[in-house]
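Position chain U relative to chain S; hints supplied.
Protein chains: 2
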Amino acid sequence: MSETKLTPVQTPFAQELVRQVRSLDTYDMLDGQNEAEMLDPFIMTKQRKREIPLVGDPDEIVMARVRAFYNAVATSIETASGLRAVPMLKTSYEGFGRVLITVGKLVVLDKTLRDLHRFGFPSFEQLNTRADRMIENAIVTIKAFREAAEA
Amino acid sequence: MSETKLTPVQTPFAQELVRQVRSLDTYDMLDGQNEAEMLDPFIMTKQRKREIPLVGDPDEIVMARVRAFYNAVATSIETASGLRAVPMLKTSYEGFGRVLITVGKLVVLDKTLRDLHRFGFPSFEQLNTRADRMIENAIVTIKAFREAAEA
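Protein chains in written order, with our numbering: chain S, 1 to 151; chain U, 1 to 151.
It is possible that some hints are incorrect.
As the list claims (entries may be wrong) - Across the chosen pairs, the derived CB separations fall in these ranges: (1) U/S123 with S/M29: 49 to 55 Å; (2) S/D28 with U/D31: 49 to 55 Å; (3) S/R133 with U/G32: 52 to 58 Å; (4) U/R133 with S/K46: 51 to 57 Å; (5) U/R133 with S/S123: 48 to 54 Å; (6) U/D59 with S/E60: 19 to 25 Å; (7) S/R133 with U/R22: 40 to 46 Å; (8) S/E136 with U/R98: 22 to 28 Å; (9) S/D25 with U/Q33: 47 to 53 Å; (10) U/L24 with S/E60: 25 to 31 Å; (11) U/Q33 with S/D110: 34 to 40 Å; (12) U/N34 with S/K111: 38 to 44 Å; (13) S/P122 with U/R84: 32 to 38 Å; (14) U/R114 with S/Y93: 23 to 29 Å.
Bear in mind the hints are in silico, worked out from the structure with no lab data behind them.
A virtual CB, placed ideally from N, CA and C, is assigned to each residue, including glycine.
Just chain S, same shape as in the assembly (with noise of 0.2 Å):
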């Protein structure tokens, strides 16, 4: 297993991350950061919740991290799959919202987000894990409704 010898930072999943990170950069603030500091944002450890407000409204800065994160994950359904996903974010009120990532006429994700402006992950570890979930389900969804998929 070469995946061993990855860090959290060098999975497929994070490195498509970085990517997605650096192209809604559009004000170049990350200049000069490494790829570890341009993730580090995406950790939401417990002691970092605990300095953010229970409620809120997510800013700007937040979304585009929530984006960067599903459209990492739509670009690797696509990777996976050959067929092209495409994501779509929708924020409603107090850090509510819902994401849909479609292939063809199917839906391979459909997610409701709660405490966006607390958006993150416990770790690395969990972020890849959580990724590689959703991009396996979003597989396997394509499988059983192939037709659908390529539609």
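Frame of chain S, contents of chain U only:
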């Protein structure tokens, strides 16, 4: 054909639209209006269009109207198919947006929206015709990918 006797405000779709407009009328602004008056803002004649700037951001009143329309389309799909239809509306910038309606894991309507700040139909007949076409297409899609729709 009993349908020929219905005025365009009496069609099943227009009646559903009236219900949606009422349910989104949180400030009771519609009190005292009859159904034709309630649906009148959905009619965007050439004359009315000319009075609205070419480019603009849709305000909350227009967006409530767009939401009411696609809610009515989703509800009509539900009635015709017996399956739950969920709309998801997202605006991006300068009147652009996207609307999806999903049934189970199936996308039954996927539309790019533009000129949202001038949302409307040339006539009541057009409003009905276009809505009916969306609903019929959705039903055809459900029949073609029944398993994904029931997933």
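Results for each hint:
no.	hint	result
1	U/S123 with S/M29: 49 to 55 Å	50 Å, holds
2	S/D28 with U/D31: 49 to 55 Å	53 Å, holds
3	S/R133 with U/G32: 52 to 58 Å	54 Å, holds
4	U/R133 with S/K46: 51 to 57 Å	52 Å, holds
5	U/R133 with S/S123: 48 to 54 Å	50 Å, holds
6	U/D59 with S/E60: 19 to 25 Å	21 Å, holds
7	S/R133 with U/R22: 40 to 46 Å	42 Å, holds
8	S/E136 with U/R98: 22 to 28 Å	27 Å, holds
9	S/D25 with U/Q33: 47 to 53 Å	49 Å, holds
10	U/L24 with S/E60: 25 to 31 Å	27 Å, holds
11	U/Q33 with S/D110: 34 to 40 Å	37 Å, holds
12	U/N34 with S/K111: 38 to 44 Å	42 Å, holds
13	S/P122 with U/R84: 32 to 38 Å	34 Å, holds
14	U/R114 with S/Y93: 23 to 29 Å	25 Å, holds
The earlier numbered hints are all upheld by this structure, with none contradicted.
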